[in-house]
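A.B. asks: Following the hints, complete the assembly by docking chain B onto the known chain A.
Chain residues, written in single-letter form:
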Amino acid sequence: MDNDSKMEQIRTQIWLEEPEPDNLFATRAAYCHGYDVYGGMLGQSRWVEMLYLLFRGEAPTSEQAELLETLAVALANPGPRDPSVHAAMCGGVGGSTAASCLIAALAVGAGQHSGGREVFLAMDGWNECGTELAAWQLRISAPPDNKASIWPSPEHPPGFDPHGVSTATPVKQTLTRLAGIIPDSRLAWLEANLSSLELFAGRPLSMVGVAAAAFSDLGFSPEQGEMLHLLLRLPGAAAHALEQWQYGHKKFPFFKVELDNDPAGRTE
Amino acid sequence: MNGPELLLQNADILKSRMGACFPGERAVFRGHDLHVELKDMDWIELYVFGITGRRFSPQQLRLLNAIWVYTSYPDARIWNNRVAALAGSTRSTGALGISAALAVSEASIYGRGIDVRAINFIVRTRKAIDNGSELADCVQDELKKHRGIAGYGRPLSSGDERIAPFMALARTLGLDDGPHVRLAYAVDEYLLAGRFRLRMNFAAIVPALCADIGLSPQEYYLFVFPAFLAGMPPCFIESSQRPEGTLFPLSCAHILYEGVSKREWQSQ
Numbered sequence: 001m002d003n004d005s006k007m008e009q010i011r012t013q014i015w016l017e018e019p020e021p022d023n024l025f026a027t028r029a030a031y032c033h034g035y036d037v038y039g040g041m042l043g044q045s046r047w048v049e050m051l052y053l054l055f056r057g058e059a060p061t062s063e064q065a066e067l068l069e070t071l072a073v074a075l076a077n078p079g080p081r082d083p084s085v086h087a088a089m090c091g092g093v094g095g096s097t098a099a100s101c102l103i104a105a106l107a108v109g110a111g112q113h114s115g116g117r118e119v120f121l122a123m124d125g126w127n128e129c130g131t132e133l134a135a136w137q138l139r140i141s142a143p144p145d146n147k148a149s150i151w152p153s154p155e156h157p158p159g160f161d162p163h164g165v166s167t168a169t170p171v172k173q174t175l176t177r178l179a180g181i182i183p184d185s186r187l188a189w190l191e192a193n194l195s196s197l198e199l200f201a202g203r204p205l206s207m208v209g210v211a212a213a214a215f216s217d218l219g220f221s222p223e224q225g226e227m228l229h230l231l232l233r234l235p236g237a238a239a240h241a242l243e244q245w246q247y248g249h250k251k252f253p254f255f256k257v258e259l260d261n262d263p264a265g266r267t268e
Numbered sequence: 001m002n003g004p005e006l007l008l009q010n011a012d013i014l015k016s017r018m019g020a021c022f023p024g025e026r027a028v029f030r031g032h033d034l035h036v037e038l039k040d041m042d043w044i045e046l047y048v049f050g051i052t053g054r055r056f057s058p059q060q061l062r063l064l065n066a067i068w069v070y071t072s073y074p075d076a077r078i079w080n081n082r083v084a085a086l087a088g089s090t091r092s093t094g095a096l097g098i099s100a101a102l103a104v105s106e107a108s109i110y111g112r113g114i115d116v117r118a119i120n121f122i123v124r125t126r127k128a129i130d131n132g133s134e135l136a137d138c139v140q141d142e143l144k145k146h147r148g149i150a151g152y153g154r155p156l157s158s159g160d161e162r163i164a165p166f167m168a169l170a171r172t173l174g175l176d177d178g179p180h181v182r183l184a185y186a187v188d189e190y191l192l193a194g195r196f197r198l199r200m201n202f203a204a205i206v207p208a209l210c211a212d213i214g215l216s217p218q219e220y221y222l223f224v225f226p227a228f229l230a231g232m233p234p235c236f237i238e239s240s241q242r243p244e245g246t247l248f249p250l251s252c253a254h255i256l257y258e259g260v261s262k263r264e265w266q267s268q
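Top to bottom, those sequences are chains A and B. Residue numbers for the first sequence follow our numbering, so the first one is 1 and each next one is one higher. Residue numbers for the second sequence follow our numbering, so the first one is 1 and each next one is one higher.
Keep in mind that the hints were calculated from the coordinates and are not lab data. For every residue, glycine included, the Cβ atom is placed at its ideal position computed from N, Cα and C. A couple of the hints might just be wrong.
[What the hints assert, rightly or not] Dumping the calculated DMTMM-like pairs for lysine to aspartate or glutamate here, alpha-carbon to alpha-carbon at most 20 Å:
hint	chain 1	residue 1	chain 2	residue 2
1	B	Lys145	A	Asp145
2	A	Lys256	B	Glu25
3	B	Lys262	A	Glu58
4	B	Lys262	A	Glu17
5	B	Lys15	A	Asp260
6	A	Lys172	A	Asp145
7	B	Lys262	A	Asp36
8	A	Lys251	B	Asp12
9	B	Lys127	A	Asp145
10	B	Lys262	A	Glu20
[Said to hold, decoys possible] Label pairs and their in silico Cβ distance ranges:
hint	chain 1	residue 1	chain 2	residue 2	range
11	B	Tyr73	A	Asp184	18 to 24 Å
12	B	Arg91	A	Glu8	20 to 26 Å
13	A	Ser196	B	Lys262	46 to 52 Å
14	B	Ala164	A	Glu8	52 to 58 Å
15	B	Arg124	A	Glu8	26 to 32 Å
16	B	Lys262	A	Arg81	44 to 50 Å
17	B	Glu258	A	Val165	49 to 55 Å
18	A	Ala29	B	Ala128	56 to 62 Å
19	B	Met1	A	Ala134	28 to 34 Å
20	B	Asp33	A	Gln137	52 to 58 Å
21	B	His35	A	Glu258	41 to 47 Å
22	B	His35	A	Ala239	36 to 42 Å
23	A	Thr61	B	Ala128	48 to 54 Å
24	B	Arg171	A	Leu54	35 to 41 Å
Looking at chain A on its own, in the form it has when it is part of the complex:
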């Protein structure tokens, strides 16, 4: 942390910017992994192709782009029952800033119950177990040690619904749709071995489990999958937050409270 007069630089393999001749701080051309974003990609590239390029450094094949786009549609709105969307609506209903609504959705959707960290852990499972059923059985029965971390110890096998009874229809629909895009994929293996895996876990597969397999098929690291899961679920959170502001707080649930230790000896 010394005071050094020389120019400091941010290193990147992702992004090159060339300045306008009259201003070092204005961009004349920007290149993403070598591709001219405004001069070559704009109007030619789909949003998911840009997304894939940013994280993986190469343009996706048409199958990969289709897989990512289909997954993005499946993840776009977890719906108002989802805790992350609920959190965003808690911001929206009170007229909190737009960013705080998204921050709320990110924070609540970051965890090990249907959130980004669960995607990370499930993808870690794909890296370790691949398509070896016995390896999955072992990992689910003896999960890796997670002590001394900011994250609590997982309370259910990542990728499975702790409160589920049977595989939810949208989970099956998404898995079937995604598994059909790339032959011999992990998604296809997951679909073929679903009953065995659900037996090991004692719970049905969740959307997180499908997303983790898809991200894994796309070649993303667990860290990248965690980021993308956070990112791709934001559109629904944003829309529902704005909608609740329109409805107003009187139409938003406040719920009853029951205190075990009320000093006045009462409950609401």
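C.D. replies: Quick look at chain B alone, frame taken from chain A:
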């Protein structure tokens, strides 16, 4: 009970021992009327009571207060503070900038990530030594597992300016000689003798002192959450007062591109 039955049992009601607001009437905080029984608490006392449900002596509270004082540096170069400052520079809101800066303080190489590992190490090691383990074995195990010991060594320097004044205060309060603090110093001596170049820093001594006054790892983690907070508003304010966008402006030359060469985008 599990699955949908467990969820149904918890629907529409908050069952709590932590508290509730009865608008227009009163507020209950961990079984006490906030405005009657707890009204004379200072803020840190209430914060620690909220985390633990326990009361602490004036000496212990003074020490806990000092932890926050000694870790708040209004230096906008520091990564978390820089977030608050950049929010000021971009004319965002103070709450957004400072909230994000606090969230960023949950890092792997400093802040909350280190705090959690450090208190787990000191509590676990003390138990192991009480049960007959050797200090050297505990330290070597930790080094092997994590390639370092949380709280020993520091990302940007080798010394720590906070330890001497903090321990001087702990001495005057009679809180400097607990078993975890003695262990923290014993680890430092062991590492020094072994020429590991990992000197004890504030992140090792603080959890030791907090463990000695009875905080569990989770309680400690929540207590230190605002540790850097007081340094953040000054960073936000100063950058808000500069012309907009002038905090650490990056020209195109500030970006060192290390990626692939320019290439043509091919539409799929």
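A.B. asks: Decide, hint by hint, whether the structure agrees.
C.D. replies: Each hint, compared with the structure:
no.	hint	verdict
1	B:Lys145 x A:Asp145	12 Å, holds
2	A:Lys256 x B:Glu25	16 Å, holds
3	B:Lys262 x A:Glu58	13 Å, holds
4	B:Lys262 x A:Glu17	11 Å, holds
5	B:Lys15 x A:Asp260	7 Å, holds
6	A:Lys172 x A:Asp145	30 Å, violated
7	B:Lys262 x A:Asp36	8 Å, holds
8	A:Lys251 x B:Asp12	15 Å, holds
9	B:Lys127 x A:Asp145	19 Å, holds
10	B:Lys262 x A:Glu20	18 Å, holds
11	B:Tyr73 x A:Asp184: 18 to 24 Å	54 Å, violated
12	B:Arg91 x A:Glu8: 20 to 26 Å	24 Å, holds
13	A:Ser196 x B:Lys262: 46 to 52 Å	49 Å, holds
14	B:Ala164 x A:Glu8: 52 to 58 Å	31 Å, violated
15	B:Arg124 x A:Glu8: 26 to 32 Å	40 Å, violated
16	B:Lys262 x A:Arg81: 44 to 50 Å	47 Å, holds
17	B:Glu258 x A:Val165: 49 to 55 Å	51 Å, holds
18	A:Ala29 x B:Ala128: 56 to 62 Å	59 Å, holds
19	B:Met1 x A:Ala134: 28 to 34 Å	32 Å, holds
20	B:Asp33 x A:Gln137: 52 to 58 Å	53 Å, holds
21	B:His35 x A:Glu258: 41 to 47 Å	21 Å, violated
22	B:His35 x A:Ala239: 36 to 42 Å	39 Å, holds
23	A:Thr61 x B:Ala128: 48 to 54 Å	53 Å, holds
24	B:Arg171 x A:Leu54: 35 to 41 Å	53 Å, violated
Against the hints set out earlier in the document, violations occur for numbers 6, 11, 14, 15, 21, 24.
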